[in-house]
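Peer 1: With the hints as extra help, turn the sequences into a complete structure.
For the sequence shown, the working numbering assigns the number 469 to the initial residue and increments by one for each residue that follows.
If you're looking for bench data, these hints aren't it; they were derived computationally from the structure.
Computed from a predicted structure; not experimentally measured.
Every residue gets a Cβ at the ideal spot worked out from N, C-alpha and C, and that includes glycine.
You can take every hint at face value.
Under the rule of at most 25 Å between Cα atoms (straight-line distance), these lysine to any residue pairs were calculated in the SDA-like manner:
#  : residue 1 : residue 2
1  : K474      : Y521
2  : K470      : L495
3  : K513      : G531
4  : K513      : F498
5  : K513      : L491
6  : K513      : V528
7  : K513      : L500
8  : K474      : T484
9  : K513      : G489
10 : K513      : L486
11 : K513      : D527
12 : K474      : G520
13 : K513      : A499
14 : K470      : T484
15 : K474      : F498
Between beta-carbon pairs, the in silico distance windows are:
#  : residue 1 : residue 2 : range
16 : G533      : P501      : 30 to 40 Å
17 : D473      : G494      : 15 to 25 Å
18 : D527      : V480      : 34 to 44 Å
19 : T484      : S504      : 20 to 30 Å
20 : G489      : L530      : 35 to 45 Å
21 : D503      : E479      : 20 to 30 Å
22 : G472      : L532      : 34 to 44 Å
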Amino acid sequence: PKGGDKRALYEVARETFLAAGYLELGLDHFALPDDSLFTAYEAGKLHRNFMGYTDMRTDVMLGLGV
469 PKGGDKRALY EVARETFLAA GYLELGLDHF ALPDDSLFTA YEAGKLHRNF MGYTDMRTDV
529 MLGLGV
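Peer 2: Structural data, given as C-alpha cells:
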C-alpha cells in the first residue's frame, strides 16, 4: 500500500487494539495494562533498540552487515 492507504490501515489496526484493551506506548507499539512493557512505560523505564520498545536495558549492541 502507498501513503494514505498505509495510514488508513494503521488507524484501523490502532482502533482495533485500543478497543481490545491495549494501550498505546509510542510509535506503533501497544501493550496490555498488565504487560511488562506497560509497567516499564509507566515507570519511565521503557527502552528502544533496533527491534522496537523493550523493558530491558541494552548495554551492548553489535551491528553486522555488508
